[in-house]
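There are 2 protein chains.
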Amino acid sequence: MDSQSESGVFAAQVDQVTIIGTGLLGASIGLCLRQRNYAGRIVGVGRRQETLDIAQKLGAIDQGVLSIHEAEQLPRDQIHLVILATPLGSFADYFIELASCQPTGVTFITDVGSTKTDICKAAADNLEFPHLFIGAHPMAGSEAQGPVHARADLFQGGLCILTPSGTNGDIYAKEIVTDFWRTLGMRTAEKTPEEHDRLVALISHLPHALASLMVDLADERKALSVAATGFRDTTRIASGDPQVWTDIFTTNRQAVLEAIDLLDNKLAELRQVIADGDVEKVFAWLDKAKSARDQWLTEGVTEA
Amino acid sequence: MDSQSESGVFAAQVDQVTIIGTGLLGASIGLCLRQRNYAGRIVGVGRRQETLDIAQKLGAIDQGVLSIHEAEQLPRDQIHLVILATPLGSFADYFIELASCQPTGVTFITDVGSTKTDICKAAADNLEFPHLFIGAHPMAGSEAQGPVHARADLFQGGLCILTPSGTNGDIYAKEIVTDFWRTLGMRTAEKTPEEHDRLVALISHLPHALASLMVDLADERKALSVAATGFRDTTRIASGDPQVWTDIFTTNRQAVLEAIDLLDNKLAELRQVIADGDVEKVFAWLDKAKSARDQWLTEGVTEA
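Protein sequences, first through last, are from chains A and B.
For the first sequence, the numbering used here begins at -5 and goes up steadily by one.
For the second sequence, the numbering used here begins at -5 and goes up steadily by one.
Bound conformation, chain A alone (with noise of 0.2 Å):
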């Protein structure tokens, strides 16, 4: 993990980024961008002209189009970067369109999907030039969605994992994506697909089924009424969007369900100990956690 960029390639070789779904990420893209003063052209690319319309009067992009094509055909001296900011469950049909796409010179690409096996594998299955592919997750964004509750300081702080292992590992382009990617302010770091797979599964995707799950009991059993603020915050990622959560469930499965697995192992560890009433045991392992927790907190917690 480095700090922020200094070399700053990807300023002076980029001259077009193209921003694939102008929604909450996409348009933070932009924005971001522009406030670092970017010289290159922003183009956004949607399937609706709505959206496109929005993202261009909040000042997200340049211009909107609403096909890969027409983004791919735009005059340009230098490099072209385009980002995937859709729905994961969309990314095959879009690498299949982008390796349509006639060349009219180097164009990179990378993408903020929260699961990566599957993406890179697709990558390298649809790509016409899949080391042109350096897979990312960065490690932001929120409950709300759409362009209108974009931020340019929405990436300010947080860890953006880089996946360019396997068949997607040209060293130029991974230069050029780690750049931008701390040109939005980001921390980044890389590993494979799989590890960020496991990792994530671990601190966000089993996290948020089983926020999900103590809010479907609660409501179930009629405890919502005396639910506090410390409910509020422990299940605050389950009203994040269902069909956003739906692609990483599928999308990262079997990671999900070993997180599952080794979760459930524990639980019923802990269900022991208490049914066993052993005092000891339950404040060794209360104060486990605490330690751990707290450890972390004064290692500094990234801010995404």
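Hints in this document: simulated from the structure, not taken from any laboratory.
Be aware that one or more of the hints could be misleading.
Where chains are identical, the list cannot tell them apart; a pair therefore holds if satisfied intra-copy or between any two copies.
Said to hold, decoys possible - Below, computed lysine-lysine pairings styled on BS3-like, alpha-carbon distance capped at 27 Å:
| no. | residue 1 | residue 2 |
| --- | --- | --- |
| 1 | Lys115 | Lys216 |
| 2 | Lys51 | Lys185 |
| 3 | Lys115 | Lys168 |
| 4 | Lys168 | Lys260 |
| 5 | Lys216 | Lys185 |
Starting from the structure of chain A, add chain B where the hints point.
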């Protein structure tokens, strides 16, 4: 559930409040009474003179004494209200001590305990006049400990669950104790001790257990380095005092085990749906939880 106190029977008829345990909750009660211009005497009872001195310097109590006997023997003309604000594990001993006092008038008792079945049973078993005890769970607090973190507004807007059931049903005691908690700014609701314990197991104890398990698992698997603010919020409660929570898991064992089993059944169902790759069922499940949570938020979350 009713709105705030109007009758003022507490302020009119209680001329001594004795707070056993002047930690965060006990000291906050004293500060709040003073802020609301309570005219009676506020006495703190503690094992350590130092803690009492801090509470007195903060203005949370008028005087501190080292035993309930001393507090009971102070001269008064009206009703004496005792509030047990010590760790759950100490309650039975305090009930025995209270029972051994020579009564110098009418003394009502309430408490701040997070579990109620065990406490109400201990009151019934040990107090000389158990019907003068009205169990209470003011749903307020924070991860912070000790009188220096006390706040006059700690209880404002929160829900206080009263459990005046079974043998604990003196109607006058209930009126005074209910008005006392409303005077602190709380809404009140009545439940049986068993119903209370079942509900808080679902919205507080199970979430705490899961938060601790999630931290433990993420720590073991080296995933905390990529965790961000979402994980921080979800696991905030896992930084609570391990001793307080050991008492809770121990005294509310049965309801906690039932909550764990209910959650475990739901987790198994969810695991199957994800393993099957049943996209529609995953979506329906996420959507149901989101709807329940969003509906709950629109109805107004207890501010505590």
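Hints, one by one, checked against the model:
1. Lys115 <-> Lys216: between (44 Å within a copy, 25 Å between copies)
2. Lys51 <-> Lys185: neither (37 Å within a copy, 55 Å between copies)
3. Lys115 <-> Lys168: Result: close within a single copy only, 17 Å intra versus 66 Å inter.
4. Lys168 <-> Lys260: neither (39 Å within a copy, 42 Å between copies)
5. Lys216 <-> Lys185: between (43 Å within a copy, 13 Å between copies)
Consistency note: the structure conflicts with the earlier hints numbered 2, 4.
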